[in-house]
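Q: For reference, the chains in residue letters:
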Amino acid sequence: MILRLVVPALGDLREMKLLAWRKAPGDPLALGEPLAELETDKAVIEVSAGRDAFLRRVEVAGGDWYALGTTLALLSTSPDEPLDQTGEAGAVLVAATCEAL
Amino acid sequence: MSTEEKVFFRQAIRRALDEEMRRDERVLVMGQDVAGYGGSYGECEGLCERYGSSRVRNTPVAEAAITGIAVGAAAAGLRPVAFITSMDFVMLALDPLVNYGAKLAYKTGRQLQAPLVLKATAGARGQGPCHAQSLESWLMSVPGLKVVAPSNARDAYGLLKSAIRDPGPVVFIDHKRLFPTTGNVPVNVPLDEQLVPIGKAAVCREGADVTLVSHSYMCTVCLDAAEALAADGISAEVVDLRSLAPLDFGAVMSSANRTGSVVTVEEGQLVCGVGAELGVRLLQALPEVRVARVGAARVPIASARPLEAYAIPDEAAVVAAVRALLRGGA
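From first to last, the protein sequence lines are chains A and B.
Going by my numbering, the final residue of the first sequence carries number 101, and the count climbs one at a time with no gaps.
Going by my numbering, the final residue of the second sequence carries number 330, and the count climbs one at a time with no gaps.
One or more of the hints may lead you astray.
[Stated by the list, open to error] Using 30 Å as the maximum straight-line C-alpha spacing, the simulated DSS-like pairs for lysine-lysine come out as follows:
#1 Lys42/A x Lys6/B
#2 Lys6/B x Lys17/A
#3 Lys6/B x Lys23/A
#4 Lys6/B x Lys200/B
#5 Lys200/B x Lys103/B
Treat the hints as calculated values from the structure; they're not laboratory data.
Extracted from the complex, chain B is given alone in its bound form (with noise of 0.2 Å):
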């Protein structure tokens, strides 16, 4: 008997929140628009109708606030989802987040913690510079806090369920552009449940000659690239990390002692970016493999759509740096 269900990406969150909101009564959404509107994605409808409005609480537009107010409710024994509908907000959430939520457990000995989770939207889609951007690396090099970004719909299921149980804090980053895709869920909670754990990548396709490694949104461009590449009788595996902090540099190890050939995808900026964490890392475990790395332009985001599709990594910028990289080693 299938016990699975094909489902849109918000729905995939909306029942993850909803499972945890049975299961736990101290889980609670708070963000804009969450209650009566039902999220900005609409991943939050029926949840305000099903829990009430102090479970599901709408905020005003203040991310400073909104972060504060969860690092607090999670100290104090509640376990927020914090919603922050464009990543590039997450800038005004950063001093409670970093120096209060990721802190908190080391500056009291674990006496206290701050299981709180920060959703945040990243990715462009034709808004302009300020709700465009995908800052997940400036994340990834704080200590105690945790990040992940899935890049598909039941990995954002198994990964927000997770997170929600995780001491945290954790910052749970989903991409505009996932967010028309589909995915299947399991429909017999909690008996075939399946949570994604934090800190393990998986191989979204196998192959032989050379490694793509990405997250989010960027593995869908990798996977059309991978399909490209095979055409050309190049054989690309894609490696999806799915979480960034902890970063599981054992599964990007293992591919690329396959391959010999590591090119790193990302949609934010290549400098100190995922890709330049990866590519320090492989050369020091594994000298001898080749690294090359694809992500956005050193420009600000245009909310022209050409500009922007000039600015973000596609499957041909992969395939062109796959093939550059591949070239010059042969």
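Just chain A, same shape as in the assembly (with noise of 0.2 Å):
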């Protein structure tokens, strides 16, 4: 199953900057493991994937401002499935668990 990763609404943002990715493609993702670190208006905050799965593909890189609701990356459920055949319209939401540094 591939999956989308998405920083779910927080107050009234509109945009936000993903400071750093802290996994590389390919990487494994124990649940709740900090996978990037994002500046918000009020803090620096660490992203997890909210369930074990595997980095794929990064959307967003370092350093880039990006709306509310952007696909930072995709994520599948086994190491090697294609990403091609569902593409992003067809993968599946997850949405990231986020806490404060």
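Combine the two chains into a complex, taking the hints into account.
A: Put into structure tokens, the structure is as follows:
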């Protein structure tokens, strides 16, 4: 199953900054394991996938601003499922969980 | 080469403070939680570490004392930026601010001046009747006091720097709902430094049929309303006052001359408000221009979200006021 990582709406924010990825494409992600750092209007937060998965493709680069609701990365539940067959439209939405650093 | 960087609103404020503190050692910051905590909105992050606790000073929850000390420090030659976390508590600061700060230069024949900035955060965002008010119109009438209220991060940066350099006193009003916003600020300072002059409005959207005049967060509401009106074929110009005292009436008049209709929009009360002042001046200067006002309902702001939303102007209220005004004159 291909998953689309999206950070849920936070307050009145319209955009956020992705500071850095902590994982690279291909890396396994354990439940709750930090995967990226984001900067919000209030603080730097850690993002995790909210489930076990594999990071497959990063859609927003470190240092980039992005609009809320943007897909940050594609994940998959097994390590080598082809991404192209489902594409972003067919991917299942997975809400990131966030914690202040 | 790009010499600007996108930052959050709090970072624009922080950058202005940082640059001015670096430029002028007389500049100091004081208020509740400004030191170790880094400011209520993170707008002082790292300043205490960089400039030390004598220039970034935590204070007790005592706005009269904070302001009194700031006025005294300013009279003695420093350039304090005093933080009032919620504008509601400017009420406690009025005696030192108005009776001492604003009058000092007059009382001493300019032998003494009070170059202080009182930074106060206005606006309703779910915090109930005593942490939600927009009281800027109270301050507009005080001789000797300047009042600025930026609507975006870039102007906040430029106006705060101007306010710190001004012979003062200046009340700098930001807004809770502006903190989640972003804007561009210069990177190479002082090379590309851009100050926003006090007393100068800006046209943030051009239009031909009606002028929306606003300041602070309500400019965002006006821009959204202008977008909605455009879909109906009504072209709205949005004027951001930026400074309330002195008021750039020339900019308002010039836009009103072109559109023939003006709607003032403010988050505070309509009685003796910004719109009342503008409305009378417009009536005197351009009697043929039609004017309407939008402002808060005549109630304290409630904690409950639906009641708060009812009390303060939104896009729908602005659109309705524009339609009624234009219909009335047809």
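Q: Run through the hints listed earlier and report the numbers of any the structure violates, in increasing order.
A: none
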